[in-house]
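The listed protein sequences derive, respectively, from chains A and B.
Here the first sequence is numbered in the working numbering, starting from 2 and rising by one per residue.
Here the second sequence is numbered in the working numbering, starting from 13 and rising by one per residue.
Think of the hints as simulated: they come from the structure by calculation, not from any bench.
All values reported here derive from a predicted model rather than from experimental measurement.
Every residue gets a Cβ at the ideal spot worked out from N, C-alpha and C, and that includes glycine.
There may be inaccurate statements among the hints.
To be verified - Listed next, the in silico DMTMM-like pairs over lysine to aspartate or glutamate satisfying Cα-Cα at most 20 Å (straight line):
1) A:Lys-467 with B:Glu-113
2) A:Lys-504 with A:Asp-480
3) A:Lys-218 with B:Asp-71
4) A:Lys-218 with B:Asp-62
5) A:Lys-307 with A:Asp-447
6) A:Lys-467 with B:Asp-185
7) A:Lys-413 with A:Asp-382
8) A:Lys-494 with A:Asp-382
9) A:Lys-218 with B:Asp-267
10) A:Lys-424 with B:Asp-267
11) A:Lys-467 with A:Asp-491
12) A:Lys-467 with B:Asp-267
13) A:Lys-203 with B:Glu-102
14) A:Lys-218 with B:Asp-185
What the hints assert, rightly or not - Just so you have them, the derived chain B footprint on chain A, three or more residues with Cβ under 8 Å:
15) 139 to 146
16) 219 to 229
17) 253 to 260
18) 444 to 454
One-letter residues, chain by chain:
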Amino acid sequence: MFNRQIAAFPVALALLLAACTPAPKGNAPTQSGTAAEQPQPGGTLTFIVNAEPPSFDGHRETTFALLHPIAPHYSTLYKFDPNDLTKVIPDVAAAMPEISADKLTYTIKLRTDVKFHDGSKMTSDDVVATYNKIIFPPTGVLSPRAGAYAAVDTNGITAAAPDTVTFKLKYPSASFATNLASPWNFIYSAAKLKADIHWYEKNIMGTGPFTYVSNTKGQDWIGKKFPDYFGKDKNGVQLPYLDGYKALIITDASAEVNAIRSKQAAIEFRGFTPQQRDTLSGALGTSLAIQEAPWICVNYVVPNTKKPPFDDVRVRQALTLAIDRYAGSTALQKITIVKDVGGLMRPKGPFAQADADLQKIAGFGTDGAANKAKAKQLLADAGQTNLTFKFLNRNITTPYEPVALFVIDQWKQVGITATHDVKETSAYQADLRAGNFEVALDFNCDFLDEPDLQLAKFWSASGLGKGLNFAYYDDATLDKMIDGQGRETDPAKRKALVADIEKYAMDTKAYQYPVLWWYRIIPYLSIVRGWRIGSNHYTNQDLETVWLGK
Amino acid sequence: MRRYVAGRLLLMIPTLVGVAILTFVIMRAVPGDIVALKYAGSPVPQSVIDDERHQLGLDKPMWAQFTDWMGEIAHFDLGTSLWTGHPVVEEILVRFPLSLELAIIATLLAITIAIPLGVLAAVRQDTWTDYAIRLFSIGGLAMPSFWIGLLMVLATITFFGWAPPLVFTAITDDPIANLSQMVLPALSVGYRYSAVSMRMTRSTVLEVLREDYVRTARAKGVSDSIVVLRHALRNGLVVTEQVFNLNGIGKLLVDAVAHRDYTLIQALVLLLASVFVLINFVVDMAYVVLDPRIRYS
């Protein structure tokens with residue numbers, strides 16, 4: 002405890018200083034290269050990955066540490082447009098899917114010029130085998146995202162022709178088409194999967210722009226250009242532009258910064274803190290480019306509704322009302338990777354409510370003093386004027402500790418005493434899953450602005466939310482609302498349904514609620530061209546269009 | 013003497029079994045495991061987590077997991093990394109040459125710095141030379157080697173725009189590239205252990221000078237270096253490798269702990285304990301050779 006207090010002190014001091022200092026200059030989003038520049042082929046991109054990939058199987062894993070070094074070896078059925086990361090475009094598909102009138106059948110034409118790295122031709126059999134493994138994994142095969150395709154009928158994936166795949170759904174699904182662009186859904190060889198369903202856990206063989214060269218454990222991952230890759234740019238030039246890439250595995254934060262500062266690595270694709278950006282900016286000047294963007298990652302405050310007094314909605318409402326998110330944004334964005342105030346959907350994203358509507362939800366109004374007064378009244382009504390509890394958090398500095406310290410301070414201002422209970426990630430996760438906490442700071446990251454993904458934690462804890470919903474409530478009304486929006490294929494109507502869910506889950510019931518949404522900062526050597534930041538660190542990692550300038 | 017040596021060798025077995033039990037129990041006494049860690053923050057259903065725990069054998073009772081592991085050890089099999097799924101031996105062998113080389117260079121540096129400065133400080137006791145050397149050695153004791161390493165990298169980047177290479181090159185492939193990667197981490201580890209050794213050398217030489225046994229001083233000078241070797245292999249490298257991104261055993265251990273990779277941690281701790289026990293044994297035997305007054309029975 003004593004050590005934790007000592008560790009918390011510098012963070013608290015940093016928060017205080019941040020609140021008193023002006024915003025750093027020179028960090029406006031910049032991007033190297035212009036649209037008019039002609040891509041130059043050749044060269045090797047060296048980039049940083051700050052963790053080791055577990056297995057090599059994208060269908061099985063959930064970490065970006067797999068995608069960054071391994072995604073360049075693979076293609077997916079669809080992907081996000083590197084020039085407009087909100088738009089889905091075909092990858093090995095020849096066109097966007099043809100959808101039947103009842104929205105239950107998706108027919109997808111495939112390219113006929115796609116080859117695997119062993120020279121074999123990719124056909125619909127490979128796509129069917131791939132998606133059967135993802136959606137209907139056999140016993141012993143792990144597929145953590147199978148639930149995202151729950152609408153697909155059993156035996157509903159068929160190869161209508163060598164260049165045609167059909168998906169049949171049990172019910173219309175608003176998110177199905179975009180989930181076909183999931184960056185994890187690498188197209189695998191049906192022959193390899195037939196021989197050994199686990200083959201891809203330790204081997205690489207895809208249809209992507211780069212072939213596998215080597216992997217030195219704990220050190221690097223190397224790929225080289227696949228000369229038979231099917232991709233071409235708008236001028237008909239063969240992709241990828243790079244001759245190859247080298248991913249350096251660097252797990253120490255200061256070593257990462259030093260690697261870019263000494264120009265031994267050009268970029269790290271997950272993100273740096275504002276301080277790291279400013280250090281690099283000061284040291285490298287015009288050799289450095291910076292891209293920044295809102296991030297589909299967020300921290301939630303999660304009261305455990307199974308533990309009194311958090312079974313009382315007034316207490317939960319008081320907790321969210323006490324947090325002045327706008328003041329938090331101003332202070333915290335200077336020292337850590339959070340910025341925007343938002344509801345359950347990413348602020349400014351396609352499903353986000355207008356600010357005026359969001360501000361009507363408890364805890365999201367701009368009058369912090371009025372919100373706090375209301376919070377005090379609710380606590381008094383609930384007989385909790387001296388509320389004391391432990392606030393469970395994980396021992397990751399960025400952004401968990403500063404965010405938690407800010408929230409604890411906000412609660413203190415309404416008479417709540419929360420003790421920062423910081424645990425190593427595995428122990429923290431064990432407590433979350435065992436319900437062994439009073440209030441926790443949870444988090445979520447997704448590859449896509451998609452209500453089905455962002456609302457996954459809001460299903461009833463004993464139903465589809467098992468292992469995801471750490472507020473531990475069961476609410477049939479909310480389940481019905483979440484299910485309803487997932488089946489609504491009209492975007493405007495769906496957005497309205499999502500807004501209703503936000504009001505219900507964050508205000509009426511105040512089950513769990515965001516603090517601030519994360520903000521992604523990528524400082525990199527300006528020689529790196531053709532890469533555009535997106536609102537997540539999972540997509541746009543095949544390096545197909547990346548090139549190196551002078 | 014033979015009985016003593018045989019007894020010492022046999023005693024290594026319960027020592028190492030004790031280390032194995034302790035490591036095994038401590039790792040599992042802490043809440044959470046690799047699967048909880050791996051899926052932290054991902055919207056993964058409980059069924060997937062349960063399946064993965066089952067595949068890794070983490071749903072078995074603790075005694076069953078322990079007997080499985082002991083069975084593997086008895087067959088000289090250190091098991092499979094829970095994180096990568098690759099054999100632990102493979103994971104260690106990739107990193108071992110770098111850590112060994114770093115330990116050797118750091119030890120050589122420590123001895124090279126420590127012995128002359130220690131002797132000089134003793135010979136010029138209570139002069140400015142002595143004070144300066146003592147300040148230098150206390151600095152080494154006061155600062156952890158990873159902190160010294162951080163300062164070194166910052167200094168070379170700031171003043172020369174240079175940082176040690178991040179990718180390991182074997183000394184047999186390119187000695188210059190190898191040494192340019194090793195020199196700063198070896199200096200940061202070596203400086204710290206030279207500080208320990210420097211003070212020991214100084215006090216030893218002072219003692220010897222007072223007793224007027226010059227030959228004994230030389231003999232004890234050798235044992236100082238062995239002490240350094242003991243320390244250099246035991247500590248210091250772990251966090252320093254992380255700071256310099258050296259792909260060695262220390263970084264592997266830090267990563268294994270971060271991932272809660274039980275089999276890898278257990279294997280590494282057992283390996284380090286074995287090295288430590290073995291070096292202690294060799295050192296004790298070396299005393300017999302180096303100091304004719306010592307006889308074990």
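Checklist entry - Taking 20 Å as the top limit, are the C-alpha atoms of A:Lys-218 and B:Asp-185 close enough? => result Within the cut-off at roughly 19 Å; holds.
Item to check | Coverage of the stretch 253 to 260 of chain A by chain B (three or more Cβ within 8 Å) | outcome: n = 5 at 8 Å, threshold three: holds.
Next on the checklist: Please verify whether A:Lys-467 and B:Glu-113 have alpha carbons no more than 20 Å apart.
Outcome noted: violated, 50 Å
Item to check | Pair hint outcome, A:Lys-467 versus B:Asp-267 [Cα-Cα no greater than 20 Å] | outcome: At roughly 30 Å apart (the allowed maximum being 20 Å), B:Asp-267 and A:Lys-467 break the hint.
Next on the checklist: What's the verdict on A:Lys-413 and A:Asp-382, does the C-alpha distance respect the 20 Å limit or exceed it?
Outcome noted: Roughly 18 Å between the alpha carbons, so the hint for A:Lys-413 and A:Asp-382 holds.
Item to check | Straight-line alpha-carbon gap A:Lys-467 to B:Asp-185, limit 20 Å | outcome: Judged against 20 Å, a Cα distance of about 54 Å means the pair is violated.
Next on the checklist: Tell me whether the statement that chain B covers the stretch 219 to 229 of chain A is true, taking a Cβ distance below 8 Å and needing three residues at minimum.
Outcome noted: holds (count 3)
Checklist entry - Taking 20 Å as the top limit, are the C-alpha atoms of A:Lys-424 and B:Asp-267 close enough? => result holds, 17 Å
Checklist entry - CA of A:Lys-218 to CA of B:Asp-71, is that 20 Å or under? => result violated, 28 Å
Checklist entry - Counting residues of the stretch 444 to 454 of chain A that have a beta-carbon nearer than 8 Å to any beta-carbon of chain B, does the count reach 3? => result n = 5 at 8 Å, threshold three: holds.
Next on the checklist: For a C-alpha distance cap of 20 Å, please report whether A:Lys-307 and A:Asp-447 respect it.
Outcome noted: Distance of about 27 Å is beyond 20 Å: violated.
Checklist entry - CA of A:Lys-494 to CA of A:Asp-382, is that 20 Å or under? => result violated, 37 Å
In this structure, the earlier hints numbered 1, 3, 4, 5, 6, 8, 11 and 12 are contradicted, and the remaining ones agree with it.
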